[in-house]
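Enquirer: As they're listed, the protein sequences go chains A and B.
In case it helps, the numbering used here puts the first sequence at residues 596 to 1010.
In case it helps, the numbering used here puts the second sequence at residues 1304 to 1414.
The hints are simulated quantities; they were obtained by calculation from the structure and are not laboratory data.
Certain hints may be false.
What the hints assert, rightly or not - Beyond 10 Å from chain A on every Cβ pair, some chain B residues (computed): (1) ASN1323; (2) PRO1332; (3) LEU1337; (4) ASP1340; (5) GLY1341; (6) VAL1344; (7) LYS1355; (8) ALA1372; (9) GLY1375.
Stated by the list, open to error - Far from chain A by the CB rule (all over 10 Å, computed), these chain B residues: (10) LEU1318; (11) ALA1353; (12) ILE1383; (13) ASP1395.
What the hints assert, rightly or not - Here are the simulated lysine to aspartate or glutamate pairs, EDC-like style, with alpha carbons at most 20 Å apart: (14) A/LYS689 <-> A/GLU710; (15) B/LYS1366 <-> A/GLU792; (16) A/LYS814 <-> B/ASP1395; (17) A/LYS689 <-> A/ASP733; (18) A/LYS814 <-> A/GLU880; (19) A/LYS663 <-> A/GLU637.
For every residue, glycine included, the Cβ atom is placed at its ideal position computed from N, Cα and C.
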Amino acid sequence: MSSPSMIDAPLSGWPRSDGRKGIRNVVAVAYLVECAHFVAHEVTLAFRGQPVHLVGFPGCYPNAYADKVMRRLLTHPNVGAVLLVSLGCESFDKRGLEAEVAASGRPVHTLTIQERGGTRKTLNEGIEWVRWALAELDGQARVPMRWDELVVATVCGGSDGTSGITANPAVGRAFDTLIGRGAACIFEETGELVGCEFHMQRRAATPELGDEIVRSVAKAARYYETLGHGSFAPGNADGGLTTQEEKSLGAYAKSGDSPIAGLIKPGDIPPTGGLYLLDVVPDGEVRFGFPNISDNAEIVELIACGAHLTLFTTGRGSVVGSALAPVVKVCANPETYERLAEDMDVNAGRILHGAATLDEVGAEIVSLVHDVAHGRETASEALGHREFILTYKAFEPIGPSCLPIQPVALPGAAR
Amino acid sequence: MNPVPPATDPRLLLLNPADNCLVACRALPAGERLLIDGRAVTLPRPVAMAHKLARRPLAVGDKVLRYGAVIGSVQRPIAIGEHIHTDNLKSDYLPTYTLQDGAKYVFTQHD
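Here chain B stands alone, though its shape is the one from the complex (with noise of 0.2 Å):
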């Protein structure tokens, strides 16, 4: 792991220096104010313990880094700080299949 730059929050992890996604060592809440590579940001949605959130404005086709490697193309626009998950993300291998309401399973690729 390497160590966390300075101007960006402790609570976020960068596991690879190429990465364009911070991982949240803890649950983060909507509203949320914290520094991105030395960006005060306040997150839009809140960012569960381990998700995902863009540490630099991501466009449709980017490909999402972590590990320094491609885990996967953006689907929506995706601001700083921001969420990263099934609704704006998707695999370029197979479909990700979620739990919706509980309910059954929902094919969530995008195309």
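Pulled out of the complex, with its shape left as it was, chain A reads as follows (with noise of 0.2 Å):
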């Protein structure tokens, strides 16, 4: 990958203990089953507009892929403080997810309401616990960081004609000059691309790699097909896309030209810099249903890879950010623009227009994830946006093919 000197302006962020940085430092509140939701929830309440977040796994039978979920983002480098709220005979191994946090060197701190002695307990003790946290974050500074520790990934949601020809390539440019820099960039979704796995198996960094993509979307194909349902909603239809192999094309779009680096599932974080896809399908017969019930899951999944932020192109217009790690809002729609402009980050659409071309675009991404990573607050942020979802899933581990190029060791590189 590339050299590890900076090539331009140099960022900054808080070190963890496994030698990754954040860009943002906040505490985050996880319930560890619905039952302990309004709870978790009531804490956070009590901290409106300071950076702590609420995440959390609804179910109470336990799940392989939750719990994977769940200790990737509570270690996730933009957390600096945790709190588990557990109702206290839900199944989901707490102990494990507590030890996990504290042996990242992280605060955390566990309360079960049946052991507390019910809502009102709990809560004073969660928002004296979480005030104490906050304080504690108050004092940590930032170091500098470089772009090869940058974690970058990108989504679709609400997607339309206009997606695939202003935002999703402009995303695609940025993807380029921040893999140049040495940052890790990840796309998703392979069920949303259906009819591009041969193009992507040229670009795969090895043969081996290649089969593995096509094997990944045929499984997104098999898996959509028993659905009986595509990734294809309605208004992607009234936004002039016809097909669900039209709307992919648009989709890869934004993974730029690349070669592919390697193939990861949730929860894995990308070895090296380069372009890394993310199979979000699971693996098996169809379980559990559709395997991304809304754009969040996939935002939810990036972050478990390590992503510290995420680019959203957006047609229709999402208003969605997320808890955890930023949201930044590549509107590709021009007359959506104007419709929910404080919502947007970047006006794509203007491309339509011929106001700007793809490469200004691009690089106008570039800088922003340059300023958000050094805590500029992202239209989502500035609205008080904390989407969070999660829910079952089942995977099979990836196989060495996926992952082709291991990290060269270099003096203090960090991943």
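Combine the two chains into a complex, taking the hints into account.
Expert: This is the structure:
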């Protein structure tokens, strides 16, 4: 990959014990079953406007995927401290989760509602602990951070015919620049790349990886066929897209032109810089319903892969943000931008009016990534958006041919 | 993106020279007269922004190309300048669902 020396303006972040650095320093409050959701949420409400974010898993039954994602999220570089809120009788491995967070050097505390004596006592103790944790984080300082320590993800939602001709290729240009600086970039949704599998195969770093990519897309097509439903939503057709493969090609444009360095699954952290494809479609027979029931489920998986921030392209106009990691909204459609300007960070739709080129919007996105990494609030952060969703899924681990490129040991290199 | 050929209306976008469809950069009403590859065409149907229209006449079974890649098969003859959408183009992969009358999901596969 690229040299570890800075190409231009340096970044800064909060250092973590695993060598990664965070661009935010938040207290995560996590409920470990839906029955503890309300109490955990009430704790965060006492800190409105402060970096206290709610995450969690609603299920009472154990799930290896949810366990892995929760562990990755709560040791994510943007997280500085963790409060776990348990009912007490749910099956989530809270002690294992607590031990992993503690081993990462972060302050962590677990409140079990049944042991603490109910809603009010748990709530009061939770608020007291978060207040202490915020004071702890307040004393922590940022350190210099290199571009090759940054992980940037992209996702699309509310796509229309403009997505594939403005915002998505502009993000592709930004990805090429970021990868050139050594960053890891992740694109996703094999189910939305049906029809692009052979294009991607040609870009894979090795023939074996190319075969894995083709297999992952075939798996996605099979999965969606069993469900009798693609990722294609009614709003997509209103916006001018006719078929799944047409939508796929537009979505595919987000990946840019870099070689594909690896195929990962939710919770796998890219071992090097370069372009990674995230396979979000479960393995095995269809279980638990749709792979990702909404855009935020994908954003959560990207964050679980270590993404510091997500570039979200939208044509019809999504307003979502995310807990834990900033979302940069790149609006593809100039009419949507007019209507939802306060929710958008970048107006890529001006490309349609000849007011900017793809390269110009791509450079604007890179510059915004730099600023957001330095603490600038995105539109969704400023509006207080902190969506989060995590549901049941099942995955097999990735095979050895999925990650053909292993990290080169560089002095002081973090990844 | 490739430069629009001079003989095609600038409100239409050709994404790849191999494409047989064009993308509308803004909404175009029915009856609008414009040039497509040097041919004067009167739009038989309105075309919304970012929707597609035929760059040349298309027959049943033809593949529609966008970005130089196949996006589906033609189900009914399509005239030059005509809107290409779910009523005349079918995915070669998965069925397309649309909301009809704002009511419910309707299966629009044509076979």
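Enquirer: Each hint: holds or not?
Expert: Right, here's what the structure says about each hint:
no. : hint                   : in the structure
1   : ASN1323                : 13 Å, holds
2   : PRO1332                : 16 Å, holds
3   : LEU1337                : 17 Å, holds
4   : ASP1340                : 19 Å, holds
5   : GLY1341                : 22 Å, holds
6   : VAL1344                : 19 Å, holds
7   : LYS1355                : 7 Å, violated
8   : ALA1372                : 6 Å, violated
9   : GLY1375                : 4 Å, violated
10  : LEU1318                : 7 Å, violated
11  : ALA1353                : 3 Å, violated
12  : ILE1383                : 18 Å, holds
13  : ASP1395                : 7 Å, violated
14  : A/LYS689 <-> A/GLU710  : 14 Å, holds
15  : B/LYS1366 <-> A/GLU792 : 18 Å, holds
16  : A/LYS814 <-> B/ASP1395 : 17 Å, holds
17  : A/LYS689 <-> A/ASP733  : 27 Å, violated
18  : A/LYS814 <-> A/GLU880  : 10 Å, holds
19  : A/LYS663 <-> A/GLU637  : 26 Å, violated
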